[in-house]
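Asker: In case you want the letters, here they are:
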Amino acid sequence: MHKVTVTSDDVKKIAKLANLQLQKDEADRFAGQFTETVDMINRLNEINTSDVPATYQVNGLANISRDDTVDLKRMLPQEVALREAKLTSNGFFVVPRVIDTDETESVI
Amino acid sequence: MKQLHELTIKEVHEGYRNRIFSCVDLVKHFLSRIDKYNPKLNIFLARNQHALEQAAVIDKEIAEKGIDRELLGIPMAIKDNFLTVGISTTASSNILKGYMPQYESTVTGKLLAAGAIFLGKTNMDSFAHGSSTETSDFGPTHNPWNPDKLPGGSSGGSAAAISAQLVTAALGSETAGSIRQPVAWCGVTGFKPTYGRAGRYGCIAMASSTDSPGPIAKTVEDVAIITKVISGKDPFDATTSSLDVENYPSFLGKTDLKGLRIGLVKEYLLPDMRDDVKKLILDSAEKFRSLGATVEEVSLMDPKYAIGVYTVVQRSEVSSNLARFDGIRFGHTRDSFGEETKRRIMLGTYTLSSGYYDAYYKKAQAVRTKMIDQFAEIFKTYDAVIGAVSPGPALSLGATKNQPMFGEMEDILVEQSSVAGLTSAGVPCGFVDGLPIGLQITCDQFQEAKALTIADCYQRNTAFNQFPDIDKTL
Amino acid sequence: MKITPLIGLEVHVELETKSKMFCGCPADHFGKAPNTQTCPVCLGLPGALPVPNKKAVESCLKIGLALNCSINRLSKFDRKQYFYPDLAKGYQISQYDQPFCSEGFLNLDSGKKIGIERVHQEEDTGKLQHTVLNGKKITLVDFNRSGVPLVEIVSKPDMASSAEAKEYLKKIHEIIRTIGVSSADMEKGQMRLEPTINVCIENEGGIHYTPLVEIKNINSFNFAVQAIEFEIKRQVEEYENTGTEKSLTNKTTRGYDSVKKVTFLQRTKEEAKDYRYFPEPDIPPFIIEDDFVEKIRKELPLLPDQEISSLEKLGVEKKDAKVLVSTQNRLAIQIIHDYSRDDRVDPRKLASLIVNGKLDPSKDTKAQYDSLTKVGITDKSVLTAIVQKIIDTNPNVVAEYKKGKTNVVGFFIGQAMKETKGTASPLILSELVTKLLNS
Numbered sequence: 001m002h003k004v005t006v007t008s009d010d011v012k013k014i015a016k017l018a019n020l021q022l023q024k025d026e027a028d029r030f031a032g033q034f035t036e037t038v039d040m041i042n043r044l045n046e047i048n049t050s051d052v053p054a055t056y057q058v059n060g061l062a063n064i065s066r067d068d069t070v071d072l073k074r075m076l077p078q079e080v081a082l083r084e085a086k087l088t089s090n091g092f093f094v095v096p097r098v099i100d101t102d103e104t105e106s107v108i
Numbered sequence: 001m002k003q004l005h006e007l008t009i010k011e012v013h014e015g016y017r018n019r020i021f022s023c024v025d026l027v028k029h030f031l032s033r034i035d036k037y038n039p040k041l042n043i044f045l046a047r048n049q050h051a052l053e054q055a056a057v058i059d060k061e062i063a064e065k066g067i068d069r070e071l072l073g074i075p076m077a078i079k080d081n082f083l084t085v086g087i088s089t090t091a092s093s094n095i096l097k098g099y100m101p102q103y104e105s106t107v108t109g110k111l112l113a114a115g116a117i118f119l120g121k122t123n124m125d126s127f128a129h130g131s132s133t134e135t136s137d138f139g140p141t142h143n144p145w146n147p148d149k150l151p152g153g154s155s156g157g158s159a160a161a162i163s164a165q166l167v168t169a170a171l172g173s174e175t176a177g178s179i180r181q182p183v184a185w186c187g188v189t190g191f192k193p194t195y196g197r198a199g200r201y202g203c204i205a206m207a208s209s210t211d212s213p214g215p216i217a218k219t220v221e222d223v224a225i226i227t228k229v230i231s232g233k234d235p236f237d238a239t240t241s242s243l244d245v246e247n248y249p250s251f252l253g254k255t256d257l258k259g260l261r262i263g264l265v266k267e268y269l270l271p272d273m274r275d276d277v278k279k280l281i282l283d284s285a286e287k288f289r290s291l292g293a294t295v296e297e298v299s300l301m302d303p304k305y306a307i308g309v310y311t312v313v314q315r316s317e318v319s320s321n322l323a324r325f326d327g328i329r330f331g332h333t334r335d336s337f338g339e340e341t342k343r344r345i346m347l348g349t350y351t352l353s354s355g356y357y358d359a360y361y362k363k364a365q366a367v368r369t370k371m372i373d374q375f376a377e378i379f380k381t382y383d384a385v386i387g388a389v390s391p392g393p394a395l396s397l398g399a400t401k402n403q404p405m406f407g408e409m410e411d412i413l414v415e416q417s418s419v420a421g422l423t424s425a426g427v428p429c430g431f432v433d434g435l436p437i438g439l440q441i442t443c444d445q446f447q448e449a450k451a452l453t454i455a456d457c458y459q460r461n462t463a464f465n466q467f468p469d470i471d472k473t474l
Numbered sequence: 001m002k003i004t005p006l007i008g009l010e011v012h013v014e015l016e017t018k019s020k021m022f023c024g025c026p027a028d029h030f031g032k033a034p035n036t037q038t039c040p041v042c043l044g045l046p047g048a049l050p051v052p053n054k055k056a057v058e059s060c061l062k063i064g065l066a067l068n069c070s071i072n073r074l075s076k077f078d079r080k081q082y083f084y085p086d087l088a089k090g091y092q093i094s095q096y097d098q099p100f101c102s103e104g105f106l107n108l109d110s111g112k113k114i115g116i117e118r119v120h121q122e123e124d125t126g127k128l129q130h131t132v133l134n135g136k137k138i139t140l141v142d143f144n145r146s147g148v149p150l151v152e153i154v155s156k157p158d159m160a161s162s163a164e165a166k167e168y169l170k171k172i173h174e175i176i177r178t179i180g181v182s183s184a185d186m187e188k189g190q191m192r193l194e195p196t197i198n199v200c201i202e203n204e205g206g207i208h209y210t211p212l213v214e215i216k217n218i219n220s221f222n223f224a225v226q227a228i229e230f231e232i233k234r235q236v237e238e239y240e241n242t243g244t245e246k247s248l249t250n251k252t253t254r255g256y257d258s259v260k261k262v263t264f265l266q267r268t269k270e271e272a273k274d275y276r277y278f279p280e281p282d283i284p285p286f287i288i289e290d291d292f293v294e295k296i297r298k299e300l301p302l303l304p305d306q307e308i309s310s311l312e313k314l315g316v317e318k319k320d321a322k323v324l325v326s327t328q329n330r331l332a333i334q335i336i337h338d339y340s341r342d343d344r345v346d347p348r349k350l351a352s353l354i355v356n357g358k359l360d361p362s363k364d365t366k367a368q369y370d371s372l373t374k375v376g377i378t379d380k381s382v383l384t385a386i387v388q389k390i391i392d393t394n395p396n397v398v399a400e401y402k403k404g405k406t407n408v409v410g411f412f413i414g415q416a417m418k419e420t421k422g423t424a425s426p427l428i429l430s431e432l433v434t435k436l437l438n439s
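Sequences listed follow chains D, S and F, in order. Final position of the first sequence in UniProt numbering is 108; the numbers increase by one with none missing. Final position of the second sequence in UniProt numbering is 474; the numbers increase by one with none missing. Final position of the third sequence in UniProt numbering is 439; the numbers increase by one with none missing.
Quick caveat, the hints were computed from the structure, so don't treat them as lab data.
Now the stretches of chain D that chain F is said to cover, found in silico as 3 or more residues with beta-carbon under 8 angstroms:
| no. | segment |
| --- | --- |
| 1 | 61 to 71 |
| 2 | 79 to 89 |
Partner residues aside, some chain S positions facing chain F, computed with beta carbon under 8 angstroms:
| no. | residue |
| --- | --- |
| 3 | Leu83 |
| 4 | Arg200 |
| 5 | Tyr201 |
| 6 | Cys203 |
| 7 | Thr239 |
| 8 | Glu317 |
| 9 | Ser320 |
| 10 | Ile328 |
| 11 | Leu352 |
| 12 | Ser353 |
| 13 | Ser354 |
| 14 | Tyr361 |
Chain S is faced by these chain F residues, among others (derived, beta-carbon under 10 angstroms):
| no. | residue |
| --- | --- |
| 15 | Cys23 |
| 16 | Cys39 |
| 17 | Pro46 |
| 18 | Ala48 |
| 19 | Tyr82 |
| 20 | Phe83 |
| 21 | Pro85 |
| 22 | Pro279 |
| 23 | Glu280 |
| 24 | Pro281 |
Note that the structure is predicted; figures quoted are calculated from it, not measured. Heads up, the beta-carbon is just placed ideally off N, CA and C, and yes, glycines get one too.
Let's have the full structure, built from the sequences with the hints guiding it.
Answerer: Structure representation (structure tokens):
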């Protein structure tokens, strides 16, 4: 008996959030696999953690920053910045027109 | 008389110094071995086209200045998740097929500054997702001990390169076992430095909070030399430590381990572990005793919980780290991701999604705190803890099929120390069925010198550091 | 029916640091050729990592302090995840539940306090341009702006009118410029605003709230006022027609058309966006102690309202003080403070003379002040006698005046001034001369 069942609808929603396309049978297959994995993850509930905070970083560091100076050595020339892109035009990266997206354009 | 491919770093340098062979000789030797054996082993994905030219330049430097850099003229294999200018970097994924890096990673930059010469990039699990190298989009790597077996992963290519003796030394990375496990399956020596000891800038991110670049080589001495070179505060990585880097090689050579207390982790002798594997681990405990250390049983949290922690943390972080692969600025479109990668991205998206964050991510990180605290408690009394690296010897090709939790299950004994960001050495401790078994020697954060000292002493007092005769095995 | 608009404002400020938020690329991106100021970090290349800009963090703290916020002792960066071509990493490094500053306020002139929810730090995205290439509709992307430091100021929905919103925006604008962290040039996009509006409607049926509406693409204070006013009317009308009330899931986004002067629906949010925030693993958290906060606070210059207050305390009229502060006339303000200890100078008058352009504070202030404020001899009978005498002793000059040379009036005024050793009121003299010449 699963504590949590991941359905293929759940999988489809997740794929959308993750900007991934699913092949024909993947929604169902992943649903089964995820349910198994989630079962295993839920074993963590056997451990009482009410007395400890979460650890997001193990290095114990804090207040790491850099001076506000320009570093031209790391800056890429335009050709290098664009070099690995499939489609560019006049110094810009090119994507098919963005329509019906999740965010509005950053327009000036 | 050792053959060129059998030489350690020091031995190579001695050969250069005494003009027994040149860097060009050594590189040529390795290149022809790679040509011969790589087709069967599928270790190298890309080769450095300029290796011989670079070797010639190094010979000139040796003639003029002698050996004044720590890794001068040492031929190395680099795991394909490190960005290397001039050599393609793919993380063994189709989404990066043909990607030529626009900058050099911190760690490979340090290796080059120390005079190393890269022969090529090695195969890995695609985006480091796995413990077999079978999830690579470019075919699995074969274990030099037995080509029907897997080399382990995700640094399988680098470990196999050392085992097959196609380079003098190699670079890998560990998120949870990705150095130690292939090192164990291939019977070589590897080292996972403390998280934050070596910079991750330029290392394709998998689990940002556990990824640790580290060396794979023939001996503990060699990994100590390389660890020293790659360690240190990285101004481009805010998670690196400012602690001084010790001269690790100088700590080696101890004749005994008197005064050291070592904990043998009870839970790492898994109930379903083969008796012959258990015996090797218990034998190693005896060996430590014979070297003067006190060895006692210690108890850690059941490793099955580490699977839960690691699964959530790694998948959550990687789902985010792989969001930049959208095919706009580099690489191919997201449908080029392999199945395992896709699966992990989606699971990570799920565990971070609204309504689930507290139950999964936050919960896992809280259990992580408990693991960290537990280790801290143990290290108050013990200098190191030991155990097997892997539940058993190398598995066969195809073992990962239809096993979504394969990696986690294989890494069950190393996940705890990885999520706690500890340091750990992996050395061979015996053979079963003709396949190597690896031992882990794990110490507290920034106790690299201690871990290496113990590993080195153990290695020099045992005879398990062997290399297969690949003309016979392949 | 009682209608109370509830207006909140989100303001994004682009900081004028030398380098970007998480890398060393120049932050000044305006007008540069595309993709010429990027590096592995701000271009989101594999393996690149962020390292926070110290000055940017301090600027965020300064803005928070200027807005009376508490500086949180523990804060961190978080990843806000969504996919969009101008977001190189597929996530924006921002702050979620532990921002640098929270719970502040801004006082309007009326004395009304506008609550400030939080002031936090984040990075800017790249820029998109829609166009057509080879007949296909495409979008061009430039990452020069990607990674530039931003500070986000989120107010509580305490503003009840477009006028209050405009005043709030103006004050924020002035504070930012006074602190010196940004020029906040609206045209360059250095200050961006997003109002979120709904309306509280009280009628016999009870109290009702219309659904929240966020308005994007407003790039001037006046457009903000127009958009807010239109939106309030629209929401009331819509409520009267549909009776739809605010719920957790019906917040919408509208754009503003400054030509038609209307807001229009941009997209409906069927479900709240899931940004899957989690703590940024690549950046250690911040622990900001009190002594550091005090150090930053000491670096703050006097804020506009404080400056205006301190001038008013010296006797300067509020309207003059406002002009001096809003035009950032540092010299004038300094002069007024300097002379405030001098009994011979009235600060109110001094300020007024400067504001009216009659006194130039870069030249000898005292001399100008004296000559402009001298009341002089005003007794008309005394002055009449003096002027008459000068007229009588200069018949040829009078003749010239009669011929039409009216500017000789100046000659008579000058002579009278000499007679009175400069103590006569020039205004009265001028009156008298003209009168007597014409009689």
